[in-house]
Amino acid sequence: MQLKPVPVSAPPAISPERLTHLQRLEAESIHIMREVAAECERPVMLYSIGKDSAVMLRLAMKAFHPSKPPFPLMHVDTGWKFKAMYEMRDRTARELGLELIVHKNPEGVAQGINPFDHGSAVHTDVMKTQGLKQALDLHKFDAAFGGARRDEEKSRAKERIFSFRTAAHRWDPKNQRPELWRLYNARMSPGESIRVFPLSNWTELDIWQYILLESIPIVPLYFAAERPVVNRGGTLIMVDDDRMRLNPGEKPMMKKVRFRTLGCYPLSGAIESEADTLQAIIQEMLLTSTSERQGRLIDHDGAASMEKKKQEGYF
Amino acid sequence: MAHVSNLISSDIEAYLASHQHKSLLRFLTCGSVDDGKSTLIGRLLYDSKMVFEDQLAALEKDSKKVGTQGGEIDFALLVDGLAAEREQGITIDVAYRFFSTDKRKFIVADTPGHEQYTRNMVTGASTADLAIILIDARKGVLTQTRRHSFLVSLLGIRHAVLAVNKMDLVGWSQEVFDNIVADYRAFASQIDLKDITAIPISGLQGDNITSRSTNAPWYTGPVLMEHLETVEIDEDRLRGQAFRMPVQWVNRPDLDFRGFAGTITSGSVAAGQQIRALPSGRTSTVTRIVTHDGDLKTAVAGQAVTLTLADEIDISRGDVIAVADQPPEVADQFEVNLVWMAGEAMLPGRSYWLKLGTKTVSAQVTHIKHKINVNTLEHTAAKTLELNEIAVCNVSTDQPVVFTPYAQDKDLGGFILIDRMTNATVAAGMVHFALRRSHNIHWQALDVSRDVRASSKGQKAAVLWFTGLSGSGKSTIANILEKKLVAGGRHTYLLDGDNVRHGLNRDLGFTDADRVENIRRVGEVAKLMADAGLIVIVSFISPFKAERDMARRLMPEGEFIEIFVDTPLDVAESRDVKGLYKKARAGQLKHFTGVDSPYEAPENPEIHIRNASGSAEAAADEVLDLLRARRII
Numbered sequence: 001m002q003l004k005p006v007p008v009s010a011p012p013a014i015s016p017e018r019l020t021h022l023q024r025l026e027a028e029s030i031h032i033m034r035e036v037a038a039e040c041e042r043p044v045m046l047y048s049i050g051k052d053s054a055v056m057l058r059l060a061m062k063a064f065h066p067s068k069p070p071f072p073l074m075h076v077d078t079g080w081k082f083k084a085m086y087e088m089r090d091r092t093a094r095e096l097g098l099e100l101i102v103h104k105n106p107e108g109v110a111q112g113i114n115p116f117d118h119g120s121a122v123h124t125d126v127m128k129t130q131g132l133k134q135a136l137d138l139h140k141f142d143a144a145f146g147g148a149r150r151d152e153e154k155s156r157a158k159e160r161i162f163s164f165r166t167a168a169h170r171w172d173p174k175n176q177r178p179e180l181w182r183l184y185n186a187r188m189s190p191g192e193s194i195r196v197f198p199l200s201n202w203t204e205l206d207i208w209q210y211i212l213l214e215s216i217p218i219v220p221l222y223f224a225a226e227r228p229v230v231n232r233g234g235t236l237i238m239v240d241d242d243r244m245r246l247n248p249g250e251k252p253m254m255k256k257v258r259f260r261t262l263g264c265y266p267l268s269g270a271i272e273s274e275a276d277t278l279q280a281i282i283q284e285m286l287l288t289s290t291s292e293r294q295g296r297l298i299d300h301d302g303a304a305s306m307e308k309k310k311q312e313g314y315f
Numbered sequence: 001m002a003h004v005s006n007l008i009s010s011d012i013e014a015y016l017a018s019h020q021h022k023s024l025l026r027f028l029t030c031g032s033v034d035d036g037k038s039t040l041i042g043r044l045l046y047d048s049k050m051v052f053e054d055q056l057a058a059l060e061k062d063s064k065k066v067g068t069q070g071g072e073i074d075f076a077l078l079v080d081g082l083a084a085e086r087e088q089g090i091t092i093d094v095a096y097r098f099f100s101t102d103k104r105k106f107i108v109a110d111t112p113g114h115e116q117y118t119r120n121m122v123t124g125a126s127t128a129d130l131a132i133i134l135i136d137a138r139k140g141v142l143t144q145t146r147r148h149s150f151l152v153s154l155l156g157i158r159h160a161v162l163a164v165n166k167m168d169l170v171g172w173s174q175e176v177f178d179n180i181v182a183d184y185r186a187f188a189s190q191i192d193l194k195d196i197t198a199i200p201i202s203g204l205q206g207d208n209i210t211s212r213s214t215n216a217p218w219y220t221g222p223v224l225m226e227h228l229e230t231v232e233i234d235e236d237r238l239r240g241q242a243f244r245m246p247v248q249w250v251n252r253p254d255l256d257f258r259g260f261a262g263t264i265t266s267g268s269v270a271a272g273q274q275i276r277a278l279p280s281g282r283t284s285t286v287t288r289i290v291t292h293d294g295d296l297k298t299a300v301a302g303q304a305v306t307l308t309l310a311d312e313i314d315i316s317r318g319d320v321i322a323v324a325d326q327p328p329e330v331a332d333q334f335e336v337n338l339v340w341m342a343g344e345a346m347l348p349g350r351s352y353w354l355k356l357g358t359k360t361v362s363a364q365v366t367h368i369k370h371k372i373n374v375n376t377l378e379h380t381a382a383k384t385l386e387l388n389e390i391a392v393c394n395v396s397t398d399q400p401v402v403f404t405p406y407a408q409d410k411d412l413g414g415f416i417l418i419d420r421m422t423n424a425t426v427a428a429g430m431v432h433f434a435l436r437r438s439h440n441i442h443w444q445a446l447d448v449s450r451d452v453r454a455s456s457k458g459q460k461a462a463v464l465w466f467t468g469l470s471g472s473g474k475s476t477i478a479n480i481l482e483k484k485l486v487a488g489g490r491h492t493y494l495l496d497g498d499n500v501r502h503g504l505n506r507d508l509g510f511t512d513a514d515r516v517e518n519i520r521r522v523g524e525v526a527k528l529m530a531d532a533g534l535i536v537i538v539s540f541i542s543p544f545k546a547e548r549d550m551a552r553r554l555m556p557e558g559e560f561i562e563i564f565v566d567t568p569l570d571v572a573e574s575r576d577v578k579g580l581y582k583k584a585r586a587g588q589l590k591h592f593t594g595v596d597s598p599y600e601a602p603e604n605p606e607i608h609i610r611n612a613s614g615s616a617e618a619a620a621d622e623v624l625d626l627l628r629a630r631r632i633i
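Chain order of the listed sequences is A and B.
First residue of the first sequence: 1, per this note's numbering; consecutive thereafter.
First residue of the second sequence: 1, per this note's numbering; consecutive thereafter.
Derived by calculation from the structure, the hints in this document are not laboratory data.
None of the values given here were measured: they were computed from a predicted structure.
You can take every hint at face value.
Result set (SDA-like, lysine to any residue): computed pairs, CA atoms no more than 20 Å apart in a straight line:
1) B/K103 x A/L205
2) A/K68 x B/D293
3) A/K174 x B/N388
4) A/K68 x B/T308
5) A/K68 x B/D295
6) B/K103 x B/R26
7) B/K22 x B/M225
8) B/K297 x A/P66
The shape of chain B in the complex, shown without the other chains (with noise of 0.2 Å):
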């Protein structure tokens, strides 16, 4: 349903022909829990006529049932619509609401207001042009207001409207939101939050929402519903930039034709443009831009195309396909801004998939340059990021990608990361800028591969990673592994825990952090030793799935062999040949595996040895024995 306007009745056609060509602003509400969002959410709907005769009478059945405002039509229902939310008598996820008037058509996204939702937020404002933060004007700008107001300019929206609402409860004093506004102004010129608009209302009873308050006569601003109808569209901004498109799909229905799909992100493409296609830095130049509805002589940034090139250059999913004259970076190491948004930690060196545009690379966040403290602004050391911090890190990626800074278009400047194990989205990120050393150092290609060096010692090079608890058995049946394998004529390299961290890893300690880079340096060194040919035995407790991975994905397929030691924590710990349980139990060891820190069993280990009670003899030649099979020796 939209808004009732005289033409319905009177000239259908005349109103379609005008809703046809609105506009479309999305926004968003912030605000802390008691500020009223949901009831100016709830008014605006029932003020633009969006709430429907059997809606209405479910409001006011419920208003009177589970209602806060003493059997008063209470507005937030409207809008509360899960039923733990009810419970609760709190928003707890992004709702989307729908409006039109004569001018727009509005999309608004409803985020809760409470710290531990932050995610939801930044979820709802990454699609925002305008973000409207209430305040209570009895209580003035809060840490939440700081919070959301720091929050909005992260996410790059470019207009704010500063709500005071509840006026009514101040007896609409100017003084009162002169100070509010002033108090604001002053927080705001430290985020970058430039265009704001300040208008006192009330959404309770409807002052200042679609018409003018006769409650407020001191205020000469547009009220809310005009400043919506009016404010610039993002998108308005975006095409006058320069042409971008994110390649998604490629179109073969047959040998004679080949499209790219994709929506283009930014400025404009034109048949018989020139273009370059990201990160090959071919050009070719447009032939046709193919739609269902016939082709297109131009297309502009929000439309979903498929362009046809003059040549056959390689173009596929994760591309992208720019104006040939100024095209976008391709780097593979960035500062970003980073919102964390899981329960389990950010770990610097843990590799994540990110996805920025249409690709997806394996990416790792090599160092926290400093947590926000979103409340106050302040810059703090960090080690890990927990669910819902935000910090500026270093990002580098396996392969390189196609980007423009965040401020300038968020569709190729915002990523996110996906947990490998989980599948979750667990942080989104912002590109500031590439770093620059990642445009000057390349591999060097070497003349003599791998494959040369391995031969030449008469063996494939392999990676033979033993895991399991501290007293296990891994180094003892390492050590016998390598003695059977040098006295066969192998070439072999034994890297053990204990050994490196006296070395190579002097600097890293046991916590979850200091583990993943521990592991993550023993994967790099074993891969370089098994470039120069070598097998390499590697005796580690790595108690993390992740990073066991991370290690597995450096190799070529079918050259790592996990081989899980499986043996009992009680045995193990009965064992206790380094005295290392005995000092954990007494709380003299800190992040002790198996005691106060988890061991992530693997799920699929080429080799299972249950060492309870067998020998380790034995399990020296299990391994032997599919070295063997995958003709490694």
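In isolation and in its complexed conformation, chain A is listed as follows (with noise of 0.2 Å):
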């Protein structure tokens, strides 16, 4: 190809400071975002309160400024997340002027499902599994956003950014597309769809020290207040609201607690903590000797567990 000579421009002073590795992560999940944009038809975020959705949201903003991203907020809901993740959930979305798609699955309402009567495991594959499933064949969604983290969990580790579905939500661990470089096949049949993971190569450390720098708000249950709870077999459960079911003779105590991972109340495990501020949480966290997921009830079912979810359909 022919070209017209134009004039040598003198080179412009390149920053002699190489990119930290905030700056790689939240670069490479800016460019992960706008290749869905670009791709997919009817992505949606999937928005589940808790820190790394609020740390996927910001790259959201980042990712498409200034335009408003370009696809809906989703929050499955069970309904029976804590108050404080409610208020988050509809001050941001109206904050931001996202919309918010709400979706609680209505035969799981219809029967009455809950953690008490039903257990953690059908409540969670009704009300989230089931109801996510439901969510996404309703509004005919192709690409959704989640934030998990590699770092999280042995099955998560080995999945791709971009993670194909069958019609049926099912993932196929021995058979996913390789991905390679920056390069990103979001190509699918009708009725397929992919699950997409900006923060794959986040670590829980990176989340906190984003949410620190960027100073996003998160759902105040992460810093240690007084609340009042039950020590159920060594976890400590707070008592959200007037559903929740005391053993006889059980009375809620108030002690200084707070949550490293955010889900369902009756299912969340709270630590005694007297961490307040950002920094004094990750401090915690650097200095403590147990993984995150180990307050999340629903993973304990079983060494191979999150993969056979995760092959359900669960996110």
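With the hints as a guide, bring the two chains together.
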């Protein structure tokens, strides 16, 4: 191809500072979100209100600035989240001016599914896994962003950033698409979909440090405060509303606690802590000796349980 | 969790400040099944205090239950994640691990060793700055070592560590180590792998991983972690190159703002800089570098930004914005390295999607120059490529693509091929260079258009494509149809499979690869004839959906009519007009469609003729009805 000569411009001054690992992670996440926006027809961002979702949402605001993200947020609600989470969810969507879709599995609601009568496994399957599949089908979303990280859990460590799902929402770990360089293959047939994990390469420390640097609002439950809790077999469960079923003789006690992960309140274990600033939380996390998902009751059903759940369509 | 540093408890703010400024190194580990790869990674995580108490407790329990170390802690269990892997005791997919030290944060791609998962290793290698190649000191350089090293070199990884593992099992013998290293360097020189650091280690015992081993006083080089903390990162090199940014997304919130969003793949950009958009070649000036955190004065390789320009030039997704005086090349024919990653073989001439940077185009492999035997590096001739095979090929695209040779820039020189039917990623490619002829051959713009030629004949051009088994009745119906068209004063031509094979396609046989080429040529000939204004009737078995779709895409919408003559195999075989089924059943005729070669039935043909009982006359009339309805005649 013939090109017209143009005056040679002086090379711009290059910043001597190389990009920090957080800048590299941020750029990678933004790149991933833009690819999805450009190649998929109906993307959606799954917003779980937790700290990872908060970071993912901030990255989405950055990726499309000065436009708004070209996709809605969706919360798959179980009806059992902490009150503070619902407040955060509604305020965030309102302040950022984003469309928020809330989906609660109507069959589960009709059957009165709850963590007390049905146990964590049934509650999670019906309200989260089935609810998510329903919502994706109902709105015909072909790509759903999730805030999962590869450092969270062993089967996630092996999942692609663009993770392909069959029309029945199944994940086939033995048949993943090769994923090379920064090239993502977002092509799919009607009915198929992809789950996209823009935070794949972030660690828990990266998330907290980014929240600190960027002053990202998070649910106050992450900070230590006096809260009413009961001790259930060594796990501290917060009594968030009067639906909490107390055992005979059981009385909530006030303890200074905080949460490392947030989910349904009857299924989220609190830890006793004095950490009431971000710095203190990070310090506590770095010095602690148990891994993040330990507070989640649903991971303990067996060594390969997350892999199995994922194959069935759990995020 | 990060490594333990005293600063965490004494001064968390100072710790965070230092952690924030760490650089990031991505590396890959490769080795054979028993070389101790997972053990080494488990050891790196363990030694950098990345293993939590609850994980350790689970690890101890699992080690007793399924461990291979006789009840001792089996570090491999820390990283072997999937249930299927645990049962087989091998790593079957790429897994990513994270750890950090005082100097750097690391992302490790743990990739499987055995041959059938080459594609996973290529996936892991594509983003790595460095590769650790593990060797079992007792076994030395194996075929697999050579294969992995070749792939590392192919994927353009600049730094290799030769980790000679299990040194404890050879009594920390310097002679053993030196022999292996000499052996390896002799091989590495053949594959252009230059920066090699050889380190004697024991992953199981932790020697020379994070701290210097007392077992090998003769070794004076760096220990593994020390080397990982100081090796050059590829992005540092890229920042020194010319500015390029593939456009991902055009940002138009309102009529006053038009920005081009993308990730800078090399060089740097500043407000006021002259740029050139490719492939158009139009120039302009950068007015702003827009980010959510405010405008930047400059931005460098690796950053995701949005640029606004002084002039309203047409730029869309897939274009590349580059420094004006050093633009990248634009071409539509390339020599490339191709790694085939699908179970179904690659067939030259078949059309695939090619994605490079942010551009997706239609592409074909036009010629396989040679296959490369990854074990011996020998070059052999090939007509097709099977799973995990690697070859040097020529590729042609239907539109010009902006690129940079892979050796310079992986982001604008690396591409994937995507199957049009399954949407699977079937190949990874690396561009060597553009073939010169692509600069010189241009389409001649012709003054008399195809529509003019067709209307002067009182018709519209079309391709009527008959497909079906041998003996299904295609040619009978096609002949009747042509007679009726000509009787009505239309201008036609009938391309018949047997006739074309006697001339134009005399050089082709009946293998899958030849069938693809056969149909590609027929599709092109049909297109030229339609350009001449003719109604072209094609009567070919054309067993593969991909090639029929390719022929369809050559034609404007609505001018390709697929007619599926759907005669069941037993009916067609009982007719056996040419005696071919008999021969095929007797084994005298290979690759016969329906017998030992597949027929992929059309899913949505324009006309579906179930011809087992109906008359050929009626079938031809059905086609005529459709032609009238579409106002072709």
